[in-house]
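Protein chains: 2
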Amino acid sequence: MRIAVLGVGLIGGSIGLAAQRRLEAQVVGYDPAPETVERALGLGVLTRGERSVAAAVAGADIVFCAAPVGALPALVSAALETSGEDTVVSDVGSTKRELADRLRSSPAAGRFIGGHPIAGAETAGVENARAELFEGARWYLTPDERAGGLHYDRLQRVVADLGARPQAIDAELHDRLMATVSHLPHVIANVMVAQAETALSEDSERLPEVGRSFRDTTRIAGANPAIWTDIFKSNSEAVAAEIDRAVERLRQAAELIRAGDAEAVDAWQRRALDARRRLLDAGTGGGSLLELRVAVDNKPGVVAEIALALGRAGVNIEDMALSPAADMRTGAISLWVAGDADVDRAIGVLRELGHAASAVGSGE
Amino acid sequence: MRIAVLGVGLIGGSIGLAAQRRLEAQVVGYDPAPETVERALGLGVLTRGERSVAAAVAGADIVFCAAPVGALPALVSAALETSGEDTVVSDVGSTKRELADRLRSSPAAGRFIGGHPIAGAETAGVENARAELFEGARWYLTPDERAGGLHYDRLQRVVADLGARPQAIDAELHDRLMATVSHLPHVIANVMVAQAETALSEDSERLPEVGRSFRDTTRIAGANPAIWTDIFKSNSEAVAAEIDRAVERLRQAAELIRAGDAEAVDAWQRRALDARRRLLDAGTGGGSLLELRVAVDNKPGVVAEIALALGRAGVNIEDMALSPAADMRTGAISLWVAGDADVDRAIGVLRELGHAASAVGSGE
Numbered sequence: 001m002r003i004a005v006l007g008v009g010l011i012g013g014s015i016g017l018a019a020q021r022r023l024e025a026q027v028v029g030y031d032p033a034p035e036t037v038e039r040a041l042g043l044g045v046l047t048r049g050e051r052s053v054a055a056a057v058a059g060a061d062i063v064f065c066a067a068p069v070g071a072l073p074a075l076v077s078a079a080l081e082t083s084g085e086d087t088v089v090s091d092v093g094s095t096k097r098e099l100a101d102r103l104r105s106s107p108a109a110g111r112f113i114g115g116h117p118i119a120g121a122e123t124a125g126v127e128n129a130r131a132e133l134f135e136g137a138r139w140y141l142t143p144d145e146r147a148g149g150l151h152y153d154r155l156q157r158v159v160a161d162l163g164a165r166p167q168a169i170d171a172e173l174h175d176r177l178m179a180t181v182s183h184l185p186h187v188i189a190n191v192m193v194a195q196a197e198t199a200l201s202e203d204s205e206r207l208p209e210v211g212r213s214f215r216d217t218t219r220i221a222g223a224n225p226a227i228w229t230d231i232f233k234s235n236s237e238a239v240a241a242e243i244d245r246a247v248e249r250l251r252q253a254a255e256l257i258r259a260g261d262a263e264a265v266d267a268w269q270r271r272a273l274d275a276r277r278r279l280l281d282a283g284t285g286g287g288s289l290l291e292l293r294v295a296v297d298n299k300p301g302v303v304a305e306i307a308l309a310l311g312r313a314g315v316n317i318e319d320m321a322l323s324p325a326a327d328m329r330t331g332a333i334s335l336w337v338a339g340d341a342d343v344d345r346a347i348g349v350l351r352e353l354g355h356a357a358s359a360v361g362s363g364e
Numbered sequence: 001m002r003i004a005v006l007g008v009g010l011i012g013g014s015i016g017l018a019a020q021r022r023l024e025a026q027v028v029g030y031d032p033a034p035e036t037v038e039r040a041l042g043l044g045v046l047t048r049g050e051r052s053v054a055a056a057v058a059g060a061d062i063v064f065c066a067a068p069v070g071a072l073p074a075l076v077s078a079a080l081e082t083s084g085e086d087t088v089v090s091d092v093g094s095t096k097r098e099l100a101d102r103l104r105s106s107p108a109a110g111r112f113i114g115g116h117p118i119a120g121a122e123t124a125g126v127e128n129a130r131a132e133l134f135e136g137a138r139w140y141l142t143p144d145e146r147a148g149g150l151h152y153d154r155l156q157r158v159v160a161d162l163g164a165r166p167q168a169i170d171a172e173l174h175d176r177l178m179a180t181v182s183h184l185p186h187v188i189a190n191v192m193v194a195q196a197e198t199a200l201s202e203d204s205e206r207l208p209e210v211g212r213s214f215r216d217t218t219r220i221a222g223a224n225p226a227i228w229t230d231i232f233k234s235n236s237e238a239v240a241a242e243i244d245r246a247v248e249r250l251r252q253a254a255e256l257i258r259a260g261d262a263e264a265v266d267a268w269q270r271r272a273l274d275a276r277r278r279l280l281d282a283g284t285g286g287g288s289l290l291e292l293r294v295a296v297d298n299k300p301g302v303v304a305e306i307a308l309a310l311g312r313a314g315v316n317i318e319d320m321a322l323s324p325a326a327d328m329r330t331g332a333i334s335l336w337v338a339g340d341a342d343v344d345r346a347i348g349v350l351r352e353l354g355h356a357a358s359a360v361g362s363g364e
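Residue numbers (my numbering), protein chains in the order written: chain A, 1 to 364; chain B, 1 to 364.
Chain A on its own, in the form it takes in the complex (with noise of 0.2 Å):
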């Protein structure tokens, strides 16, 4: 097996270290960089690097472009050009209707088959790939119409022999499922960010302290520029009908907020509750997620006690949120688990080690 890595930076550096584990493939590399080579052949991400597309692609059975989104037509135009006629050729953008487009024209178009691993948002550069990175991660597919049966079924695959879950979905379904899931996040946050510096410095001498749910909710403001542009001009049309759906359900909350039926308020504010829950249950293999809090001292070493002892007791910590107080010396974790053995668990671990420890239900 000969795989070909066209950009090799985390994904690609990461398909390369894995290709070569799992499959035992010979792993060709190509950037346009080439003292990212370099780093990825010292890193042993690669078996050989070549300094042209051309010759990174030839001989090979499949051939993963992993560029910018802004970049994939022009490095998939040529990748489909340049390689044989049973070489598959995939992607690993985060956006896929704009790039089928674009290849629709061209005669090689049958070979090619593009795809989206849902991993290594939150780092970058070659020097973080790892050969797990696609360990149980849902892994895209979008295969057209055109699309050759055999292509689709050596792709897939070879995807899940990486490691992760391969699944069939059409482009631009795909498209509007990140649009609600992953882009709209990200444009919520810019907007909160640049509305709450605005009202501030309008209503304001000094800004007032941000609290935790300010944090959390802007968190991706302003996410990696030089992908997200890319991300946003390439899957508009989805992003923008995103925005449209959202800004007429704030005007109905604006409506219900301003009519005062206290308990209309509060059975949005459950159902809100509810959604999110069922929401996140879907994304866990292991049963559902909850939250626990526990209040505690913020001091250099609290955090490692209590995740020193859960560990020790097996129970895995899924996510975890610090809310220090206004001194910086008190405050509350937040730790989210899954299963009941588990928080059941994890409550006897915090008890134990004298911390006030409760799962949060959707009373509280």
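If you're looking for bench data, these hints aren't it; they were derived computationally from the structure. Each statement offered as a hint is correct.
These stretches of chain A come out as covered by chain B in the derived footprint (C-beta under 8 Å, 3 or more residues):
id, region
1, 170–184
2, 189–201
3, 242–250
4, 264–272
Covered by chain A, according to a simulated footprint, are these stretches of chain B (three or more residues, beta-carbon under 8 Å):
id, region
5, 182–194
6, 241–253
7, 260–274
All figures in this text were calculated on a predicted structure; none of them were measured in a lab. Don't be surprised by glycine CBs; every beta carbon is placed ideally from N, CA and C.
Based on these hints, arrange chain B on the given structure of chain A.
Positioned in the frame of chain A, the structure of chain B alone reads:
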């Protein structure tokens, strides 16, 4: 000094503890649930318990009304009616204008000064009360034009003695600021989970895994309905006005994204990043909050190892977010650390542990 606390939950109980320890005050408590008073006495939160508002406020220098926002008008009125002419009555509610309006016609309104400590949002119940809850916390006070100067002076001195940082602010401005940095984020989180659930159930048989961006932005969706219904109701005008502004900004964002001008989108993304940093910087005492990203194995113990090592090095973690990869075995940890010295120290410690750690800058 005698202080009365009406409503003995987390806030009322913490006032009781702090007033006894720091002011050597006598603290007399009342709660509509007599068993709560019993529990508070058992915890040493109160010097004495009483069965009625009148008995609790008799002879008090200051009365703190610490009930949910919806119960405050009646409680504060009762306190004003039954307390002596030299008693200052205050409250700790999250919204201030509506209560002030309701009391305007009271003959004793000159003795009432509203208050709102920014503390304790993460937990509830007298069991979690602690004397240090207000240490360093902003405590807004909203005297109106009728408030007596001596009364205000006494209240703000006691608030400072409890460890907090009192700041006078107009009740209406207070509510508008809270609408911006706290109430609007809650509304938006609710809207986003509702929208995601609808979109996903229309579009797909199975929900896609939701990523970190969605989890972060919706963490507060459906927060404590018993408290939030009151807040939305009592601050409905300001919250609805903030929603209107968000709607306008989202419309502009949709336009920007539909227009597809990459440079403009990039500039928008960078402005959001800068704005968020300025907003968060304003909320930390010492230096900018910087985010460090660390790629790690998500096995039990790894958070402990990192937190413990940082604690040993004297680095305080202001905030933390774990982003498990889909396999729940690897992932990234984001750590927020204040001040350049701590950041450098943290990076050194993390590298010694063998983790690739990098500060997240504007270009990343």
